[in-house]
Each structure stands twice: as C-alpha cells, then as structure tokens.
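These protein sequences, in sequence, are chains W and D. By the count of the numbering used here, the first sequence reaches residue 312 at its end, each step adding exactly one. By the count of the numbering used here, the second sequence reaches residue 380 at its end, each step adding exactly one.
Quick caveat, the hints were computed from the structure, so don't treat them as lab data. Any given hint could turn out to be false.
Unchecked claim - Straight-line C-alpha distance at most 30 Å; calculated DSSO-like pairs for lysine-lysine:
no. : chain 1 : residue 1 : chain 2 : residue 2
1   : D       : K188      : D       : K156
2   : D       : K130      : W       : K221
3   : W       : K221      : D       : K146
4   : D       : K142      : D       : K188
5   : D       : K270      : D       : K309
6   : D       : K146      : W       : K200
7   : D       : K304      : D       : K270
8   : D       : K133      : W       : K221
9   : W       : K200      : D       : K156
Here the structure is a predicted model, which means the values were calculated and not measured.
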Amino acid sequence: MNIKEKIKYYFVENSAFIFSTPAIMWQMLFLYMPLLIVVYMSLKINGSSCWYAVTLAHYKALLAYDYLKIITRSVCVAFGVAVLCLLCAYPVAYYLALRVPRRWKNFLLFLLTLPFWTNFLIQVYSWVFVLDHNGLINTLLLKIGLIKEPFHMVNTTWAIFLVMVHYYLPFMIMPLYSVLEKIQHDLLEASMDLGATHWQTFKNVTVPLSLSGIRTGLLLVFVPAFGEFVVPSIIGGGKHMFVGSLVTHYFLVARDEQLGAAFTIMSGCILIICALALNWVCTVVFQRRVREHS
Amino acid sequence: MRNIRFENIMKSYNGDLILEKLSLEIPSGTFFALLGPSGSGKTTLLRLIAGLETVDSGKIFLGNTDITAMPIYQRRVNTVFQNYALFPHMDVFDNVAYSLSIRNIAPDIIEDKVLKILKTVHLEKHVYKSIQNLSGGQKQRVALARAIVNEPDVLLLDEPLAALDLKLREKMLLELIELQSTLQTTFVYVTHDQFEALTVADHMAIMNYDGEIEQVGTPKEIYEFPVSTFVAAFVGSTNLFKGTLHIVDGLYKIELPGLGLFEVTEQKGKSWACDKASVFMSLRPEKVEIAKTPMSGFSNMLEGVVQSIVYHGRSTQYNIALQNGMVIQVFEQNEEHFPQEVIDYDDHVFLYWQKENVVLLEK
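Construct all of the structure, not just a fragment, from the sequences and the given hints.
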C-alpha cells in the first residue's frame with residue numbers, strides 16, 4: 019500500500035466519524051458550551067473579578083416558596099397540556115392511520131402541518147382576537163342573544179391551556195400517527211377473532227402497540243410546554259409567572275444573570291426528573307400485563 | 018360439533034363480484050380443505066365464517082344458528098392467520114392466554130389450559146419466550162395453540178404453512194391431521210397447494226377463478242373422478258384430449274383427431290355422453306405405461322417419440338410427442354437402480370393404458 023492508498027483507506031474506514039464531525043462540532047459549540055457557561059454563571063460570585071470565586075448562594079436564594087411555586091405551576095400546566103393533547107390527538111391519529119383511505123392520507127397530513135406555515139407569534143396573537151371581550155366568540159354569542167355580557171376569557175388559565183393545546187397538538191398527532199400506521203391490521207382482526215370486543219382490542223392491542231408514540235408525543239409536548247413563555251405573557255397577560263417568563267425576566271428585564279442562570283439550571287434539572295417520571299408512568303399505566311410472571 | 022352451511026352467498030369488493038350465489042356445506046368434525054387458485058375467493062369464504070367480512074346477501078349457518086350478522090367476537094370460531102398475526106408485545110404464554118384472559122377466567126385455570134395446549138403443540142420449553150425470538154415453525158405452533166385454546170366449534174386455517182420450508186411443512190401437516198383427530202373440531206383449511214389439500218383433508222372443495230365451487234368430495238374422489246377439466250388440471254397433472262364420442266352397439270369409443278379411436282368405459286348417468294358428442298378425455302400421466310417394445314393386455318395404445326425427460330427422483334417424467342403434434346406427460350416410477358430398458362431422447366415408444374383409467378368430461 020502506498021501513501022495515497024493509505025489515505026484513501028483511512029477516509030473510507032472512518033467515513034462515519036468524518037461526516038458526523040460538523041454536526042458534533044455544531045452541538046459542542048452552540049449547545050454544550052453555552053450550557054457550561056450558564057452553569058458557570060450560576061455559580062459565579064456577582065461582581066467578583068476573581069474568575070474562580072464560586073458560590074451556591076444563588077441556588078440557596080431560589081429555595082424560596084415563590085420560586086418553587088412557579089416551577090410547580092409550570093410542571094402542572096405542561097403536564098396538563100401534554101395529557102389534554104394526548105386525549106385530543108389519539109382519536110385524530112387513530113382515524114388518520116387506520117380509517118382514512120390511503121389517497122386522502124397525504125392531504126390530511128398536509129392540513130395538519132398547515133399551522134406551522136404561520137408564525138408562532140401570529141398564531142398566538144390571533145387567539146386574542148378570538149377570545150377578547152369584543153372578539154369573535156363574544157360577538158357571536160351576544161348577537162345570537164345567548165349571553166348579555168361578554169365572557170371573560172382572555173387572561174385566564176384555561177385560555178392558556180386552550181392556546182397551548184392548540185399549538186402543540188400536531189407534535190402529539192405526528193408520532194402517534196406514525197406508530198399507529200405501522201400496526202398490522204391482522205393483529206386487530208386476530209384480537210377480535212379471539213373474542214375481544216372493539217374496546218378490548220383497543221385497550222389490549224392498539225394502545226400497548228402505540229406506547230412508543232405516546233411516550234414520544236408526551237415528551238415532545240411536555241418539554242417545550244414547560245419552558246413556554248410567549249403564551250402565558252400574551253394570552254395570560256403576564257398575570258401568572260411561569261418558568262419561561264421568569265427566566266426571560268431575569269435575563270432581559272432584571273439583568274440578574276447569576277440568579278437567572280441558577281434558576282435555569284434548577285428548573286432544567288426538575289424538567290429532566292419530570293420527563294423521566296413521565297416516561298416511567300407511561301410504562302406502568304399503559305403496559306398492562308395479562309399476567310405477572312416471575 | 019356443528020356443521021357450516023352457506024346459502025346463496027353474494028360477495029363483492031369495490032364492484033367486483035367475488036362470490037356469486039355460492040352454496041356449500043362443510044360437515045361437522047371434518048378436516049375440510051378449500052382448494053383453489055389465487056383470487057378464487059377461498060380466503061373470502063374463510064373470512065366470512067370468521068366474521069372478518071360481511072356478505073352482500075345470503076346466509077351462513079353454524080349448526081342451526083344463523084351467524085350471518087353475528088359480531089366476530091361472539092362466534093365460536095377461531096382463525097390461524099397466514100402470517101400468524103401474533104401479538105408482538107406479548108410473550109408466548111400471553112398470546113395463547115389472550116382469548117381466555119379477556120373472558121375473565123380465573124388465572125389458575127388459564128395457566129392450566131395454556132400449559133396443556135402448549136404441550137400439545139410441543140412448545141412447553143418456550144412458554145415465556147418473546148415472540149421475536151421464535152422460529153417460523155414455532156410461531157406457527159403458537160398461532161395454532163392460541164386459536165384452539167378456547168375450544169372453538171370451527172378452526173379456520175388460512176394458508177398456515179405458506180411461509181415454512183418443505184420438510185417443516187410436511188411435518189406440520191402430519192401434526193395438524195393428528196391434532197384434528199384428537200380434538201374432533203371442524204378444521205377448514207384454505208390453500209392453493211394441491212399437495213397440502215390432498216394430504217390433510219378428508220373432504221375438500223375445489224373453487225375456480227370465478228369463485229364457483231366446481232366439486233366437493235373426498236381427496237380420492239376429486240383426484241380420480243374429477244367432474245370438469247378445471248378440476249382435472251388443477252388437482253394433480255393430467256393430459257387433456259378433446260375428441261368426439263362414438264357409441265356403437267353399446268361400446269363407447271372416443272375419436273381423437275389425428276390419433277384414431279380409443280376405447281372408454283360405458284358412461285352411466287351422464288346425459289351429455291351421447292353419440293357424436295364433443296367431449297374431453299383426462300388421462301393421468303401415472304396411469305400410462307411406457308415401453309420401447311410392444312406389449313399386450315392393454316385396451317389402448319399410442320405411439321410417440323420422446324421429446325424430453327425430467328428426472329424427479331422417485332419418478333421420471335417423459336414428454337412424448339404424438340403423431341398429431343400433441344405432447345403428453347407420462348410418469349414412470351423409478352423402481353430399479355439399473356432398469357433393463359433405458360428410454361432416451363428421440364426413442365420411439367409405445368404408450369398403453371386401460372380404458373377404466375381415463376375420465377370423460379363434458380367441459
């Protein structure tokens with residue numbers, strides 16, 4: 019083997035590593051590096067010129083009741099949104115995957131992705147026009163004469179739920195659709211053939227076989243919903259603080275980068291714990307064993 | 018133990034008529050094979066029994082019960098699916114226990130029944146294995162166990178051995194026969210493979226391309242006495258001749274164009290078998306004797322030239338060109354290592370058969 023061949027051989031052997039290097043570098047530079055910087059900022063003593071002077075004081079400050087309340091609220095809203103999304107998305111995905119004729123599928127899937135063609139902010143703002151005192155719903159109800167005074171809808175918690183469920187629904191439908199579509203139809207036939215009703219078939223075959231989709235969907239909704247700050251501030255009117263809004267507040271308004279960084283790290287850790295717990299709950303709740311065997 | 022009766026079944030898919038005015042009775046406790054080419058509607062017929070399809074019109078009875086509109090999960094009928102359809106998220110035990118567990122039967126009774134049935138199908142060593150770790154034959158057994166554990170009135174098998182290799186298939190066929198005679202359940206076996214059907218069935222029905230039942234009978238009746246050229250050609254192989262029937266002084270003869278007159282037996286009870294009628298003659302390749310020198314004691318004789326020879330192991334197939342240009346098949350058992358008379362390409366040979374061994378057919 020001459021040098022040229024050796025070099026060629028080296029490139030062929032290590033092609034996987036060579037081609038993935040740009041992506042890995044990108045991750046390093048723009049994800050892990052900033053993350054480390056945030057961790058460092060959360061530990062640095064404010065105003066100190068000494069670079070290695072670190073403290074846990076910021077974290078200690080965060081153990082106050084109000085901060086924990088914000089985190090709990092975010093967890094509850096994110097969990098609620100994820101579960102509501104699951105309940106709304108499952109029938110849609112089921113229908114799309116197992117009932118709709120093949121020639122309609124692509125068109126309907128296209129309709130599902132249509133909201134993403136609109137900017138997120140515009141989507142959220144447009145909800146204000148629907149829910150406002152002189153918005154679409156109130157105007158309609160007043161015109162019909164069902165109500166005498168406009169409903170108070172904007173700036174309520176349930177409005178936040180409504181808008182978030184609306185926005186995150188496709189993130190739940192897509193993974194559910196992709197697993198439900200792969201379920202072999204004869205498995206459902208076999209279940210019915212063995213004496214299971216439609217409902218028993220759904221419970222014992224369809225749901226367990228779509229478990230990976232349920233899991234992915236819940237995480238895809240739960241994680242971003244936890245850090246959501248646009249919807250609470252526009253629809254919720256900034257009345258309630260959420261994790262996302264507080265982080266924005268520290269960095270952009272209060273300019274207290276140390277406390278903001280500490281809060282980011284802390285809520286991030288809690289998010290990881292919640293996601294793992296959610297994952298575990300999925301396994302326990304949905305994977306019902308016919309019989310436990312040792 | 019109850020029989021299955023189809024009465025005037027009509028069934029179509031997207032405007033294509035699959036079954037038209039089909040009537041059939043499957044006797045109770047038999048191993049019944051539905052044999053037909055692909056697209057003959059035999060699987061549709063099976064799915065109608067299971068309840069996986071609904072009829073357009075007509076009625077299906079199981080014993081005296083009209084099951085035409087009965088929901089699938091209420092029928093005491095279970096199916097072994099073509100690609101097994103085992104639940105991938107359950108192990109062997111849970112798959113087999115499925116039909117019992119959804120009926121809320123006590124766990125210890127379920128366990129007894131499942132272990133017993135797994136022993137019957139020789140899977141007692143693989144009770145807690147996951148489905149993914151099973152071989153094709155084992156999956157087949159699990160599917161079988163799952164379908165019979167709840168003791169159905171009828172077991173439906175939809176080309177169950179299609180995915181197995183030849184040796185395993187032969188073994189499973191024998192096991193199926195044994196299982197059926199132990200359980201005494203009605204087995205309905207759908208296949209396009211005539212070898213499988215002839216092997217397992219004690220009764221069988223032949224379906225043609227138009228979804229019609231051509232003939233119902235025992236395998237021997239169907240093979241030896243087919244009622245149409247379709248059955249004769251589809252079950253086993255045969256040589257079909259078109260000719261004209263001549264009846265002279267009560268003697269029946271068939272005139273084959275370019276070959277001459279040949280004796281056939283008296284055709285009793287066949288109204289179409291009259292003088293000068295145009296008929297078909299089916300001559301099975303194994304019913305013909307082949308020789309290089311003339312022999313005596315046969316009622317019919319033809320001469321021809323060996324065109325090609327196909328060695329099958331237990332037998333040899335000779336393709337013989339006749340005087341009128343037609344090529345027919347002849348099977349000879351390979352009885353000896355060193356036959357006295359070796360037949361080779363281009364040899365001039367004599368073909369003999371007895372008149373009792375041919376079947377005359379109207380169409």
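Violated hints, by number in ascending order, as checked against the structure: none
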